[in-house]
Structure formats: structure tokens, C-alpha cells
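Q: Here are the chains, one letter per residue:
Protein chains: 2
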Amino acid sequence: MRQVNVGVLGFGTVGTGVVRILLENNHLLKARVGAELNLKYVADIDTETDRGIRLAPGVLVNDAFKVVTDPDIDIVVEMIGGEGIAKELILKAIEGGKQVVTANKALIAGHGNTIARAAAENGVDFGYEASVGGCMPIIKSVRESLVGNRIHSMVGILNGTCNYILTRIAESGSTFAEALAEAQAEGFAEADPTLDVEGFDTAHKLAILNALAYGMEINLHDIYVEGISGIDPVDIAYAGEFGYKVKLLAIGKDNGDSVEARVHPTMIPFADPLSSVSGSLNAVSISADAVDRMMLYGRGAGMMPTGSAVVSDIVDITRNLLTGSVGRIPVLSYQPEAIHKIPILPVDAIHTHYYFRFAAVDQPGVLSKISGILGDNGISIRSVHQKGRRSEGAVPIVMLTHRAREAAVKRALKEIADLDIVSDLPVLIRIEDENGGE
Amino acid sequence: MRQVNVGVLGFGTVGTGVVRILLENNHLLKARVGAELNLKYVADIDTETDRGIRLAPGVLVNDAFKVVTDPDIDIVVEMIGGEGIAKELILKAIEGGKQVVTANKALIAGHGNTIARAAAENGVDFGYEASVGGCMPIIKSVRESLVGNRIHSMVGILNGTCNYILTRIAESGSTFAEALAEAQAEGFAEADPTLDVEGFDTAHKLAILNALAYGMEINLHDIYVEGISGIDPVDIAYAGEFGYKVKLLAIGKDNGDSVEARVHPTMIPFADPLSSVSGSLNAVSISADAVDRMMLYGRGAGMMPTGSAVVSDIVDITRNLLTGSVGRIPVLSYQPEAIHKIPILPVDAIHTHYYFRFAAVDQPGVLSKISGILGDNGISIRSVHQKGRRSEGAVPIVMLTHRAREAAVKRALKEIADLDIVSDLPVLIRIEDENGGE
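Sequence order for the protein chains is A and B. Counting from 1, position 164 in the first sequence corresponds to residue 164 in the UniProt record's numbering; the numbering is continuous, with no gaps. Counting from 1, position 251 in the second sequence corresponds to residue 251 in the UniProt record's numbering; the numbering is continuous, with no gaps.
I should point out that these hints are in silico values taken from the structure, not numbers from a laboratory. Please note that the accuracy of each hint is not assured.
Note that the list lumps identical chains together, so a pair holds whenever it fits in one copy or between two copies.
Here are the simulated DSS-like cross-link-like pairs (lysine-lysine), alpha carbons at most 30 Å apart as the crow flies [to be verified]:
hint, residue 1, residue 2
1, Lys369, Lys387
2, Lys387, Lys253
3, Lys30, Lys253
4, Lys387, Lys30
5, Lys341, Lys30
6, Lys30, Lys40
7, Lys66, Lys92
8, Lys253, Lys410
9, Lys410, Lys341
10, Lys66, Lys253
11, Lys253, Lys92
Go ahead and model the full structure; you've got the sequences and the hints to work with.
A: Dropping the structure here:
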């Protein structure tokens, strides 16, 4: 039986998951792939900690560069993370003609164009299914299953930490800080949760998906990113009254000569299957010309789900090695010469539906002034709701709009915020609702 | 640019979808695949009807055998359906060394082992993504994305006609006959709906999925199949009171030395994401050791969604042709020598939860007799509900059980049916509920 030698760099959570699958399901993999996936090295600076896995003598090493330059190694699996040493090791492996697999979304979002070019120049495969959506085969679906489709839009819940926190706030009415503490206690959030809760992790994933769907260079820089740390439970409660859930969404849309690429808390109708994706689960919904709408749903993180996606890449590449077909699918879904710089529409130029909440003085004429300013800015109101009275005299006024242009919305909100009769800054949450009217 | 010649056999609904995608998205396909997918022939006995597509002169022909034997044709796309001429054409194409793509689930469920062997012997690829779940990449997910996973179970809503009918009954309380008539009027059901509503179409798909997941020969014959034509709206209404929806499910489970393979109306909890798959949509949920649980969701039928899956196969095979890697993935997911006959557990041997409805005479001691018989047969009752009174003296008694063995359940129901105090045959609906107790 033919053998492919795998070297795993980084024996942390996901690295351990990959090693476990390769060892525990080795017979199953042989029966399916018809080859031996031989775990030749696992490299980590920590060679002492017991990860509960028995490795053969000589497999655990502390020098990742030794693995990357070992002539016997066919596939290098980078599980270190970050954009420093990981990038260096990946490029060295590629230059040495080795196939590479990673789950490192920050690296791909930041340097994916360079890495993809290096892979093409050196005639090697570069697999990164695990970088977006954990176990969900979202990259394979876009590159392979939807290959005949013009993709209209992708809407994803791609960060389990944020979805867990938003689910907890919706269920219990707790504040963001309380829900975050809970998420940390449950192991769903890091000690420093910035990358997750501020939306950057989601933006990394969106940058990758947009490139694959639209044939554009990876562009993290121009994505509009707004996290969930400013979310007030009251807006999630009001959303529920209107039939909406609040989710942190990655939204990628084809706009003809440009694309939309934005990450922000978003209201979606209960009838949207994404709205019932709760807790730490992830999901992506894709609209495209032939399939209409397709959705994937599953665990977006964790040792074994992410490990599963890494192993699927290892196997894809093994099959290419066995049949001499390395490079059969272009790394970024499109042929290198078909990849263009496609501009991302500035967020001020998007058109969508909006939810506003104003803290207004409880006196006659307030509503007329606010709606007058909205009307002057061409924003058409779908409904207005005055939500009870507060003792201090400020009452919350909630409005839902028809489709409006973001620049006009921001101008109107600024004018409204400047009114004497409005205390606090207005709250704005975008709504994705196909039935929300024009 | 390299060119691959495609011949489509059958210019019906799905055939038209495939042709539309190949022509309308030709530039997009070139940019992604780096090759020209040239539609050389479309064969149909009806060369007169206008399908709204302009084909180049000479493309539309009436002789499918001419296409299959044309030396220029690389990929034959069988869109005729049925097990007669379609099978003959496919085997002839394979024997001629041509690659084959089809959506013909009945043919694969019935003759897939033979076709897979023929493909392996002749060194050609055989693609059938479109045979299960329309646009959802379920076959790709099982063969490729989950390749490192031991699959525990697959639960699918795989027939849009049945799901539409069950959704309508649940929403409107209409009878099966009324909902079927509505489905036919809306184009979601055939004039002869037997294949769909009696569960056979779903069984075809389950036979394929079980083979791919478990490394067994395709075995349609031993699948337990029960359709939805006997469904009474009252049971769907009661299910709702207990927090369940009724869906026609395909259930495939690994039982160690055997597998479960059954198709029947099933109650699933509202919290299960499958329960919110409504109308003609399809979904499959897969439980496996590494991914935990993953779900795909989308259009399971129709011209363009099914066409999309066919085109994904055409592209996969084109990529294999371009890189000389035909056969890189075994047709039935496992290497031919690793495929075994794995027995399907007889339905009488399964253990699951049950819903019963009895029409009982309204007199003291009835409940005691019924529950006595259940207890004597080792069936533990989770809850009992007497649902109002009828004037004729018969009252519906509804029971939910803990996990029980089907053979014991059937024996008990027969004993209960033989009681004087029970009119009509008892109703039995199986429940899939992980939280339903042991």
C-alpha cells in the first residue's frame, strides 16, 4: 500500500485533533483512500505535556523547521497559528515543493494572495478548508459544488463565541459583559476575546469566502467590521417583538462591478433558518443562480470538528499525490489569471433595512421632528413603536425602515442626535429581510 | 484552452437545467476550471419542442447511442431516467471508456454495485451527486469532507413532495388527499405520486448514502419503507402538542455488525433543526465522531438545483481528465476491496421511542388493560394522554414510550388491537428524540 508522510506543526488543540483522527481512524482512512497516511512527525516546542495520545518513538520533535525540510515529508500541516513563524514555515514548505494544509484564517486573510501565488509557482497544493466554518465544507462547496453557479450572496454565522453570547443574551436578558463571562467559563470564549467579539475573526473568514465566490483578490482591509460588544439586551428583546433575531453576520454580496463585504450585528427574521442557529454553532447560507439557496450548518470550532476539516484536506491532497494531479483545483477557486481586484462597496453606499432606537424626551412633536428628518433624507419608515415610558422623561422610540442608503441614514441620525429632544446616541442595527419592503 | 466534450442524453427538466448552466455560465466555468466545457450533443427523441434554449446547429440529435459511441465525447450525462435504456446507455458509455454523470437514483439504488464495478474495471469516473438531495453536496460531503470520520448516523428529509405534503397538513389540518392535490397543483407532486409518497424515492437515496457511509454494498431490498399516505392529520396535531413535528425521514445508523436503514414518518423535536425544514426543501443531518453533527439544507429537486449538482460532477471529472487523475476517488467512497455486505437490521430488531394512538371504549379499566399489556411486553410508558371524549363512546388514548424494541411493540399492539375495548387498529409513529429517555 502506498504511503504519504504527514508532518504536523503545532500540538495544540486542533493539532491534537488532527493527530487523533489520523491515528484512531487510520484503518477507516486506509479503506477509503487506499493509502497509508503516515504521521511521521508532530513538532511542538512543548514535548513534555501529556495530550493523552501515544505517539510512536521519534514522532514528537521540537524543531518545526526540521519537519518542513525533511525530504520524506509530503504534506506539512501548519497548526501553530498567527502570522509570524507560521507564515515562514508555510512559505518554506511550499518553496521546498511540499503540500501544505492549515486552519490559519488570520494568515490567509492577511497573506493568502502571496501564499496562493507561491503555491501555484511551486506547483503544490495549499488546503485551508478548516480556516472557515470548522467542520462545515464551505470552501469545498464554493470551489467545487457550486462551481456552475453565479453566487449572489453569502450570509454566515461564522464565530461561535459571538453566537453563543448573542444566544445567551436573547435567552436570559443578561448584558454583554455577563454573557461574555459565561462564554469564558464554558470555554466558548478566549481570555482576550477581542478578535472574536469585535468581529475580526468573522472578517477574516469573509475575506476568504468573497475571494472564492467572486474571483477577487483576498481583501481584508476594506471589509466593514462592527462587533457585538456594544449590543444592548433591550434591542435584542425588541427585535424579538418584531420577529427578528440578532446575529453577528458575515455578509458577502455580488453587486455587479463591486462586492459588499461587511460584518455587523444584524436582525434576521425568525423564518430565516439562520435565525435558529443557536449557541456556539455556525452556519452559512449561500444564494446562487442555480441552487437558489443552500445552507451548511455545524460546529465551527473545536479540536475534533476543525481536525475533521484538516484531515479532509490531507486526504484530498493525498489523492492528488497518488494520481499525480496536484493543483487540480486552483487555490483561490478561480484560475490565477482570472482573479481580479474587485472593489468592496464602502458601507456608506450600501442599501438595506434599518432598526433605530432613539431615547426621546416625552413631549408632543418629537415623533414628527424625527420622522421629518428621516423623510428629508429620503428614508421611508416601515413602522414606529413607542416602547413604554420612563420616569426620567426619556422614552424609547423604535423605528423600522424600508430599504435606505447607509450614507443617508447616518446623516439623518446625526441630525436627530443633535436635537435637544433626543438624549443619548441613536442605536442603529441593520436588518437583512427579503420581505422588508423596498 | 483545453476542451472537454460533453454529451447530454435526455432534454427533459434536469437535462435542460444542465444545458442552461453549461451555456449561460460558460465564461464563469472557464474562469474557474481553466477549460472549455463544450456541449457537443444533446440527445432526445423529441427534437421539436422549444425548451427556450438556443443550441448551436448539429448539437440537438435524436440518437443517444450515437452520442455514447462518438469518439469525441469525453463525458456522457445521462438525464433520461428509469432503469431500462438509461442503464444500457450508461454501461455502453463506461465500456467505451467514457466518463459518466447521472442523477438517476432508482438506477443506482438498483444497479449501483454493477455500475461501480464496471467503472472501476474500465478506469472511468461515475458521478451521481445529483441523485441524492438535489443541489446539496451530500455525496461529496460523505466521500470527501467526512472522510476522516466514523459516521454514526444520517437522518434526512430527502423527498420534497412528502415534506411539502406534511408541512401543508401541519399548517392547515388538511387531509393527506387534500394536501396531495395541492402539491400536484403547485407542481410539487407527480400525477402518479406513488414513488414519492410511499417512501420508495427516499429509500433509493438512503440505499446510496448507507453504502457511502459504511462501506457496504448498495442494498435497497432490505430497507424498511413506510410512506405517508396513511398519515392522519390528528396525529400531526397531537405531535405538535408534545413538541414534535412529523417528517418522512431516511434513517441510516451504524449498529456495529449491522446497520439500520429505514424510511418512515417520524416525530422529531422542535429543537431539532430538521424540524424547521419545511415545504419542498430537503436536509440531511449527519452525526459522526469528529464533526459531532453537521447539516446540509437546500433544494432537493428541480431543474436548476439538480442541474447544479450535475454540473459539479461534470467539473470534477473534467478536472480529473485535465490532470490525468480519473478514478482518484472510489465510486462508492470505499476502495472496492474494502466494500462488504453489511446486514441491515430487520425493523423488528430496532430500538426506538414510539407514539401510539388507541381508539378505546370510554369505560373504567381500559387504561389499566392497555398499559398492562405494554408492561408485560417490556414497554415502558413515558406519558399517557386521554384526548377528549367522542359521542360514540370511543376516546383517543395517546401514549409516548421510552426506548423499546420494535418486535415487542408490534406484539403488544396486536394484543391490544384484539381487545374488545379497542376499536380500529392502533396507530404507531416512531420518534427520534435523543432526550426521549431510555
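Q: Run every hint past the structure and note whether it holds.
A: Hint check:
Taking the closest pair of Cα atoms, Lys369 and Lys387 come within 30 Å of each other only inside a single copy of the chain (18 Å); across copies the shortest separation is 57 Å, beyond that limit. Taking the shortest Cα distances, Lys387 and Lys253 never come within 30 Å of each other, neither inside one copy (34 Å) nor across copies (51 Å). With identical chains, the CA atoms of Lys30 and Lys253 are at most 30 Å apart between copies only, with a shortest distance of 22 Å across copies and 41 Å within one. When the C-alpha separation of Lys387 and Lys30 is checked against a cutoff of 30 Å, the pair qualifies neither within a copy, at 63 Å, nor between copies, at 55 Å.
Only between protomers do Lys341 and Lys30 lie at most 30 Å apart by alpha-carbon distance; the minimum there is 18 Å, versus 42 Å within a single protomer. When the C-alpha separation of Lys30 and Lys40 is checked against a cutoff of 30 Å, the pair qualifies only within one copy, where the shortest distance is 16 Å, while the shortest distance between copies is 39 Å. Within a single copy, Lys66 and Lys92 get their C-alpha atoms as close as 11 Å, which meets the 30 Å cut-off; across copies the closest is 52 Å, which misses it. Taking the closest pair of Cα atoms, Lys253 and Lys410 come within 30 Å of each other only inside a single copy of the chain (21 Å); across copies the shortest separation is 54 Å, beyond that limit.
For the identical chains of this complex, Lys410 and Lys341 are intra-copy neighbours only, at 28 Å inside a copy versus 66 Å across copies, given an alpha-carbon limit of 30 Å. For a Cα distance limit of 30 Å, the shortest separation of Lys66 from Lys253 qualifies neither inside one copy, at 43 Å, nor across copies, at 44 Å. In this assembly of identical chains, the alpha carbons of Lys253 and Lys92 never lie at most 30 Å apart, being 35 Å within a copy and 44 Å across copies at closest.
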